[in-house]
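**Q** So the chains spell out like this:
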Amino acid sequence: MKNPFSQKILFLKVKNQDPEAYGQFYDLYVKRIYRFIYFKVNSVSDSQDITSEVFLKLWQYIREGKEIKNLNAFIYIVARNLVIDFYRQRHQDSLSINDDKAPDIADSRSDMLKEQMVDSDLQSTIKGLDRLKDEYKEAIILKYFDELSISEIAEILNKSKGAVRVLLHRALKALKDNINE
Amino acid sequence: MNKDLIKNLKRISEFEAGGQPPEGWIDSNRDILMSQIRPAIDHQETEYQFAERNYYWQYANNIFRQRIMKPAMAVFVLFGLMLGYSATMTVANSSLQGDILYPVKTAQERVQLVLTFSQEREAQLHIDFAQRRLDELNRISQQSGDSQEKADKITKTVANLSKEVNSAKDKLNKISIASVDTVLTIAKEIDRNTLDLEQKITEVRDSLSDEIKNQVGDTLAQAIDTAKDTGSSALSVMVDKYTKGETGISDEEIISRLNERIKSAEEDLAKASLEVNKAVGAATSTLNLMAESTRASSTMSLNLVSTSTIESVSLMPQQAKDTLEQAKSLLEQGDLVSALAKVVESKEIVLGATSGAQSIVNDLQNVDIISNVKGTSTDINIQSTSTGSTSESTSSTVGQ
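Those protein sequences? They're chains A and B, same order as listed.
For reference, each letter of the first sequence is one residue, going 1 to 181 in my numbering.
For reference, each letter of the second sequence is one residue, going 1 to 400 in my numbering.
Some hints here could point you the wrong way.
Straight-line distance between alpha carbons at most 25 Å, and here's what the computed DMTMM-like set of lysine to aspartate or glutamate pairs gives [stated by the list, open to error]:
id, chain 1, residue 1, chain 2, residue 2
1, A, Lys127, B, Glu311
2, A, Lys161, A, Asp146
3, A, Lys137, B, Asp4
4, B, Lys271, B, Glu311
5, B, Lys7, A, Asp85
6, B, Lys10, A, Asp146
7, A, Lys173, B, Asp4
8, A, Lys159, A, Asp85
9, B, Lys7, A, Asp119
10, A, Lys15, B, Asp240
11, B, Lys10, A, Asp177
12, A, Lys31, B, Glu311
13, B, Lys241, B, Asp335
Think of the hints as simulated: they come from the structure by calculation, not from any bench.
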């Protein structure tokens, strides 16, 4: 939905608890939210579970009449919080992903890319992205995958716009370093 | 490098490994989601349908509020503030000493000075502010009534005027080490303005009623003195630069400015001569009356100036005139420094003459002779109300 006017109308309908509109909203956002979560949890099944929970949780917020100024940013905040809850829960269950496991995931993802006949540039980029710390990864996904504005990213990450710009600059630099290693 | 990297990042998302959800999951998850949220839907169907009709109105309303009303309000508030500030400053700028907004006016002037980093500009500002005080003085002097309040306002305004003139002079001294052009520019400005201030303050003083003049005469005289002194300093700087052969001031200009000072000194001299003549005349007639009364063995209470004082004051106008003649002669000979010194000297003499005349008039006011001569009375009352004019009211019933 590229038309901003249609998108505004859709957001209004969602805020007015219109379920059909919420269905359309889901269609619009599900891939983005899934990807956002996927890069944070590195698991397809966990990403699917958390993504489902995000849309359900957001609907509950809407039903409760919670004030949502920017729905576009708010859904990422919900997703982010649920990922935090997910890790917290895993930590409690002593099942948190440890650092040793991360390269394996990157390797498996790399294998997937090979299977999908992805060129070496993309493979090294995705490997570099996997090795980034979570904060950098998050900023890059929001900016370059989901094309959110600096203001929206600042709202999601609870940072100032200046801090987000700095974060993005550092994230890109770190990614380049990872790729060149 | 960055462009390629960003391009790659965007391409990654097209693949499952880049975060693309597995096929089929999106739809199945959608069905689950809709089934979870549907139970809450049915009983609100009517409300949603009603709301549907209103979405466009709500959107338009939101757009109106966010895109039109908010900026419009912001512009309105900003405009209001600017208008308010502008209106306040307009009113404040026309305010006078004692008005509610007068402190706003002076505060704004202080701010202007604080925000000025050039000595040259500061000097110029002090001159401008002195001119503002002069304008205020004019307006206060034209106000009706001769109240104490009016006299107080004049005193404060004139004191502030003198302060600004002195500050301009200080700045001139500070920038004397600056470039010749800068110094000359400011010196010329001060010279021209102080001459104007002298004349205007004198006009204001002459326009005042005797009652007010008595109260503020000294303050005004001091302000005139300050303006003269500052003007002389400025002219002195100009003469100094000129005699050192600096460019930036022509022969005609320096001669013209010295001539203006001489002309101004001559005008002062003419006024001072008039005052001296009146004072000396009044003193002489009083002394004659006293002498007559003394011969009639009257009892007197006297506090009169000595004849020597009267004599020395009476000679001062001529001395000043001679000094000015010398200044003119020196100017013609091209000795500018000496000519300026003579102008200053003559001004000092004129000031001495004026204050001497005032002193005589004040002393004459104290004369109160009550005598009894052979059952009759002799009353001598010489009343003088100001330096500028002396009115005598002498009633004598000697020998009745």
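**Q** Could you run down the list of hints and mark each one as holding or not?
**A** Verification of the hints:
no.: 1; hint: Lys127/A with Glu311/B; in the structure: violated, 112 Å
no.: 2; hint: Lys161/A with Asp146/A; in the structure: holds, 17 Å
no.: 3; hint: Lys137/A with Asp4/B; in the structure: holds, 17 Å
no.: 4; hint: Lys271/B with Glu311/B; in the structure: holds, 18 Å
no.: 5; hint: Lys7/B with Asp85/A; in the structure: violated, 32 Å
no.: 6; hint: Lys10/B with Asp146/A; in the structure: holds, 9 Å
no.: 7; hint: Lys173/A with Asp4/B; in the structure: holds, 13 Å
no.: 8; hint: Lys159/A with Asp85/A; in the structure: holds, 20 Å
no.: 9; hint: Lys7/B with Asp119/A; in the structure: holds, 13 Å
no.: 10; hint: Lys15/A with Asp240/B; in the structure: violated, 83 Å
no.: 11; hint: Lys10/B with Asp177/A; in the structure: holds, 19 Å
no.: 12; hint: Lys31/A with Glu311/B; in the structure: violated, 112 Å
no.: 13; hint: Lys241/B with Asp335/B; in the structure: holds, 14 Å
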